[in-house]
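J.: If you read the sequences in order, they're chains E and X. Residue numbering for the first sequence follows my numbering, starting at 1 and increasing by one per position. Residue numbering for the second sequence follows my numbering, starting at 1 and increasing by one per position.
Just so you know, these hints were derived from the structure itself, not from any lab. Any given hint could turn out to be false.
Restricting the straight-line Cα-Cα distance to at most 30 angstroms, the calculated cross-link-like pairs of lysine-lysine (DSSO-like) are [claimed, not checked]: (1) Lys251/X / Lys52/E; (2) Lys188/X / Lys272/X; (3) Lys35/X / Lys173/X; (4) Lys86/E / Lys251/X; (5) Lys188/X / Lys173/X; (6) Lys86/E / Lys29/E; (7) Lys173/X / Lys48/X; (8) Lys82/E / Lys52/E; (9) Lys46/E / Lys251/X; (10) Lys48/X / Lys272/X; (11) Lys251/X / Lys29/E; (12) Lys35/X / Lys188/X; (13) Lys82/E / Lys29/E; (14) Lys251/X / Lys82/E; (15) Lys46/E / Lys82/E.
Covered stretches of chain E, as calculated for chain X (at least 3 residues, CB under 8 angstroms) [said to hold, decoys possible]: (16) 30–42; (17) 45–58; (18) 88–95.
From a predicted model like this one, the values you see are computed outputs, not experimental measurements. Where is the CB? At the ideal position from N, CA and C, for every residue including glycine.
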Amino acid sequence: MKSIWRRTILVLSLLLMSASAFAAQQVYKLRVDGLACPFCAYGVEKKLNAIKGVREVGVDIASGIVNVTMAEGAGLDEATAKQAVKDAGFTLRGFEPIQPATRTK
Amino acid sequence: MNAVGVAWSAPITFNTALPVHEGGFVWREQFIYDKNSRDPSPANRDVKVSGLVSVLGYGVTRDFALFGMLPYLDKRLDMDTGGQRVTRSDQGIGDLTMFGRYTAYQSDAPGRTFRISPFLGVKAPTGRDDARDGLGRLPPPIQLGSGSWDALGGVVATYQTLNYQIDSQLSYKANREANGFRFGNVAKLDASFQYRLWPQTLGSGVPAFLYGVLEANLVRAEENRMGGVDDPDSGGTTLFLSPGLQYVTRKWILEAGVQVPVMQNLNGAALKNNHILNTGFRVNF
Numbered sequence: 001m002k003s004i005w006r007r008t009i010l011v012l013s014l015l016l017m018s019a020s021a022f023a024a025q026q027v028y029k030l031r032v033d034g035l036a037c038p039f040c041a042y043g044v045e046k047k048l049n050a051i052k053g054v055r056e057v058g059v060d061i062a063s064g065i066v067n068v069t070m071a072e073g074a075g076l077d078e079a080t081a082k083q084a085v086k087d088a089g090f091t092l093r094g095f096e097p098i099q100p101a102t103r104t105k
Numbered sequence: 001m002n003a004v005g006v007a008w009s010a011p012i013t014f015n016t017a018l019p020v021h022e023g024g025f026v027w028r029e030q031f032i033y034d035k036n037s038r039d040p041s042p043a044n045r046d047v048k049v050s051g052l053v054s055v056l057g058y059g060v061t062r063d064f065a066l067f068g069m070l071p072y073l074d075k076r077l078d079m080d081t082g083g084q085r086v087t088r089s090d091q092g093i094g095d096l097t098m099f100g101r102y103t104a105y106q107s108d109a110p111g112r113t114f115r116i117s118p119f120l121g122v123k124a125p126t127g128r129d130d131a132r133d134g135l136g137r138l139p140p141p142i143q144l145g146s147g148s149w150d151a152l153g154g155v156v157a158t159y160q161t162l163n164y165q166i167d168s169q170l171s172y173k174a175n176r177e178a179n180g181f182r183f184g185n186v187a188k189l190d191a192s193f194q195y196r197l198w199p200q201t202l203g204s205g206v207p208a209f210l211y212g213v214l215e216a217n218l219v220r221a222e223e224n225r226m227g228g229v230d231d232p233d234s235g236g237t238t239l240f241l242s243p244g245l246q247y248v249t250r251k252w253i254l255e256a257g258v259q260v261p262v263m264q265n266l267n268g269a270a271l272k273n274n275h276i277l278n279t280g281f282r283v284n285f
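The following block holds chain X by itself, in its conformation from the complex:
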């Protein structure tokens, strides 16, 4: 689930340093479709993940905001085994991620702002991690949850003007073991550029903006660990380019984008990503 961002205008696929006003909420719903195939192994695996990700952000103070992110997922694995094609799947609530973000640096000027915000959080094992079917226990990537409490943190910087916005984020997720399995830790470097396409000239008041969005996500995942042994067919480095559109008003945002893998340097027979679609809305209240 690389495409899950949090709640604010700005990047579609990751966080921003822009504020949530004190006592205010930002609610985001994001539909994700993540397809992974091009399996180099004879199993010809194909993994599809559809998800509706609900995000709620709350401004505790002007500088500190809390975010909660809960996905509803449909995970599906199709593979060849014993001379036939089988499907293994599960649907339901996934793992809850909660984190706090603090505005450590802020510089405001007329029509522009620059902010740097570190963030720190945890992923709680709220999703089912012991689902089974006729073939036995589902493999960990198809389980809705990892079963582990994991830690995540990073820093995001945002430079916003009336005409364009640039965001950049460096983040790390340290995964822990559960049920004899540990997902590899993940380091990410993200960048986003949003340019106001319309209106070309700003009128009076608060007009709605249409932004063209181009994002890049560099994802480095370590190998998974199973029974104390690293899985040589997991982990690797992927670079996504993600074009998108955002329609931004005072109260709400509509957005859509697609993450296209332009470089995948994966270990062994790790599944390659085809694309990740994401679309949704955000509401300010």
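The following block holds chain E by itself, in its conformation from the complex:
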């Protein structure tokens, strides 16, 4: 009886750990055209951060790449990203989901 309890606890623990390990945050790589100075990057960050479910926005001004990390379970569609970039005054030229970032809770 004791060993059945032990096994049950072990299995449950493994299940919980694996669920945590695979909790994924979807990341999207946006190519934004027209970004050429630090002051301009602020508007893009602000508009993308205002989208529901966005956890983090990382701009790399040299490449014009903006990585948008979503909260767990949240997604981003291209039309929404395009509108946000447009409202900031720039042009969305590329949109692709990239390998989800996995993390342990």
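Since the structure of chain E is provided, determine the placement of chain X on it from the hints.
T.: Same frame as chain E, but now just chain X:
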């Protein structure tokens, strides 16, 4: 007040075509010191204008932005009269300028953008225009406001890359009469070149930029009109060269520059400009 620009990164002494994001604000504070002397007349006049110019820009849509510009001014005239040196001055809020700017053309590419934006606005007579001292009513150039509603408009083009930026603006201000006096209309042609001095190589993320700035301002002012007669001692053409520095981050900009007149072809005994200093900051929010 030739040195008053509006709110955005880019030129120090005039506007730019770069966007204000929809629903966003850009706030600029600019300290100006404008000295005019070298008076060819026996009055040996010397006019100094110090000003703190507050500018607020708002992005109504991605293409249309509204700007308001309100100066706090200290105007001072020193002159010889009746065998002694006298000072006439006034301090306070000047005239409010408001204008809208529309992005009519935009071409974006990786790490660069080119935009053309016309703008149109008005100057409202919010500054005092009837100040007096012991010698009587102050002359119009020393009044804080002109007393008139004036119209202004123009077009600005900007080409910006990661390494440098070029802006050019053509503008015209049509002045109207108030109190029997009308300032001459002013046409301006401005150009600005900003080059990224630091960092020399761009790293990842959004590093701050230090720009070296060189601007040129060609200003053509018509003669003032007083009591229906043109004042032959006013107006003319001035060309300024303006070196400066800008430190640009995501949220704010610090900047300083000096406008040096390299050519002045003025009418009659019009006062010549010595220099215009301007320094300030801009904040994005």
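J.: Indicate, hint by hint, whether the structure satisfies it.
T.: Status of each hint after checking the structure:
{"no.": "1", "hint": "Lys251/X / Lys52/E", "verdict": "holds, 23 angstroms"}
{"no.": "2", "hint": "Lys188/X / Lys272/X", "verdict": "holds, 17 angstroms"}
{"no.": "3", "hint": "Lys35/X / Lys173/X", "verdict": "holds, 22 angstroms"}
{"no.": "4", "hint": "Lys86/E / Lys251/X", "verdict": "holds, 20 angstroms"}
{"no.": "5", "hint": "Lys188/X / Lys173/X", "verdict": "holds, 9 angstroms"}
{"no.": "6", "hint": "Lys86/E / Lys29/E", "verdict": "holds, 16 angstroms"}
{"no.": "7", "hint": "Lys173/X / Lys48/X", "verdict": "holds, 22 angstroms"}
{"no.": "8", "hint": "Lys82/E / Lys52/E", "verdict": "holds, 15 angstroms"}
{"no.": "9", "hint": "Lys46/E / Lys251/X", "verdict": "holds, 11 angstroms"}
{"no.": "10", "hint": "Lys48/X / Lys272/X", "verdict": "holds, 12 angstroms"}
{"no.": "11", "hint": "Lys251/X / Lys29/E", "verdict": "holds, 23 angstroms"}
{"no.": "12", "hint": "Lys35/X / Lys188/X", "verdict": "holds, 19 angstroms"}
{"no.": "13", "hint": "Lys82/E / Lys29/E", "verdict": "holds, 12 angstroms"}
{"no.": "14", "hint": "Lys251/X / Lys82/E", "verdict": "holds, 23 angstroms"}
{"no.": "15", "hint": "Lys46/E / Lys82/E", "verdict": "holds, 14 angstroms"}
{"no.": "16", "hint": "30–42", "verdict": "holds (count 11)"}
{"no.": "17", "hint": "45–58", "verdict": "holds (count 4)"}
{"no.": "18", "hint": "88–95", "verdict": "holds (count 5)"}
Of the numbered hints given earlier, the model fails none.
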